[in-house]
Amino acid sequence: MDGMALLTITVLSVFVGFEVVSKVSSTLHTPLMSGANAIHGIILVGAIIVAGQASDGWTLTLALLAVLLATMNLVGGFVVTDRMLEMFRGRKGAGR
Amino acid sequence: MSLLSPTWTALLYLIAAICFVLALKGLSSPKSARRGNLIGAAGALVAVVTVFLSMKLDNIPWILAAIAVGSAVAAPIARRVQMTQMPQLVALFNGVGGGAAALVALLELPHTDDPWVRLAIVFTLLVGAVSFAGSLVTFAKLQELMTTRPVVFPGLPIVMSASVLVAVAASVAIIFTGAGWLAVVLLVFGLLTGVLLVLPVGGADVPIVISLLNAFTGLAVAASGFVLGNVLLIIAGTLVGASGTILTRAMASAMGRSVTGILFGAFKGGSTAGSTVASDRPVRSSSAEDVAVLLGYAQKVVIVPGYGLAVAQGQHTVAELQGELESRGIEVVFGIHPVAGRMPGHMNVLLAEANVPYESLKEMGEVNPEFKTADVVLVVGANDVVNPAAKTTPGSPIYGMPILEVDSARQVVFLKRSMRPGFAGIENELLFEPQTTLLFGDAKESLGKVLAAVKAL
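Going down the list, the protein sequences come from chains A and B. In this text, residue positions in the first sequence follow this note's numbering: the first is 42, and each later residue adds one. In this text, residue positions in the second sequence follow this note's numbering: the first is 727, and each later residue adds one.
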């Protein structure tokens, strides 16, 4: 995809991001932070691509380190967010 | 071999991106939030499977092993962490994400000679490194592996400026030459800049820094999307960048300060400076039994929890007190300031963990009109966020900070450790007002005594 198309997507994402996040209730700001945190763990995709194209030992080592770190970010982020959100319960009967 | 055509790949990445937007959208209400997060996780899974199926990749067993190890390390930590330790865990996960982005950029440099791609690479490398090092220092501060006080030394602004200058110079040189050794220089100075950025920030301001570094990692990931030509990374990174930016600004305004003031205030001598001298003016203190009588014969009680409650781990006791009062037919709600706790919204998580239903957790704007109709306001371990000086004293350091208007209530009870002022280091006039009584002691112990006394009524 050419540069301008990518830039267009970026600018539109900024607006979507601001729009969606400004509606988040301040009660849930901590899960928002850890949830957003989990989402940027998707750098794992980038790390996998780099590791899959590595041809020498050094590059592969560093790329696998990136895969490892990104996985921790992604998996840990979603797990901990789920744990937090599970605790937000409504009054008995009124909730789930 | 690639099983998926470029069209299918793009389509699956689009689905993953939509899942991420839905994950954030779900957080608009506690009801939909958990489902939203699971949708986000599903999106991430789709994306990871897609990358394996869409490209010809070598070293797959190694990659799978690294993923397995990463999951095996992170999932148990995430499951076991105490809710009070959430800020440092978020900082840690944020840091490793930034580190991964920086490594990806570093390794992609030899594969391109396009200056625009190199620009994206140096951005990812620099911001990722700053985020990695900054987050680890933040983690160390919150975990109390190092001092939580601002660390300032003479010449810090000069060292900081020099470090940034070297980083920028290296960036420019990389864009024109693509030299690998310069990328390592950039990485080192990025790390140094990250450390220097966070060192001078005091304990109370650390949450803002976490939020800001979260935005940084998001931006680094978005830039890495330009490096790899991957739309999903661009969208996901940008969403996180936007959310981090909004949160950082929301927190700074809830503290009545500017983001730059928090980051660079310490260069001029301590970001959370202030007196820690206890006042000796007379106050009305009372016993747990008196407080229990006040609460037990009220019709409506608002509890204002602050940082002191979290420190004392008193959230379960306060939840029990709420239950006991409600069983007597008393209406009890929690009025929660946006910066109560150690990160935005942290107090809500702590109370939710103690099984307080989310309907009882009221935001500042929602609860402020309710103080007038409340019989008793119980302030537990909070001080600056209920200080009327923020509205009435233009010269005060907290002037302009939005506060919980506890001063409009008929009766106010403070549970406090001592007469020492809060982070802002200023006295709270409300403590000396006639409608105020104080109960001194550790928040958890005091709550326990009050709870026992209410039960005995």
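Hint data in this document are derived by calculation from the structure and do not stem from the laboratory. Heads up, some of the hints might be wrong.
Said to hold, decoys possible - Within a straight-line C-alpha distance of at most 25 angstroms, the following computed SDA-like cross-link-like pairs (lysine to any residue) qualify: (1) 1026/B x 130/A; (2) 64/A x 1079/B; (3) 1181/B x 1136/B; (4) 757/B x 44/A; (5) 1175/B x 1101/B; (6) 782/B x 106/A; (7) 1117/B x 1147/B; (8) 64/A x 1147/B; (9) 757/B x 131/A; (10) 1175/B x 1010/B; (11) 64/A x 1101/B; (12) 64/A x 1181/B; (13) 757/B x 57/A; (14) 751/B x 55/A; (15) 1117/B x 1096/B; (16) 782/B x 44/A; (17) 1181/B x 132/A; (18) 64/A x 1136/B; (19) 64/A x 52/A; (20) 782/B x 43/A.
Numbers of the earlier hints that this structure fails to satisfy, in rising order = The structure breaks hints 4, 8, 11, 12 and 18; every other hint is satisfied.
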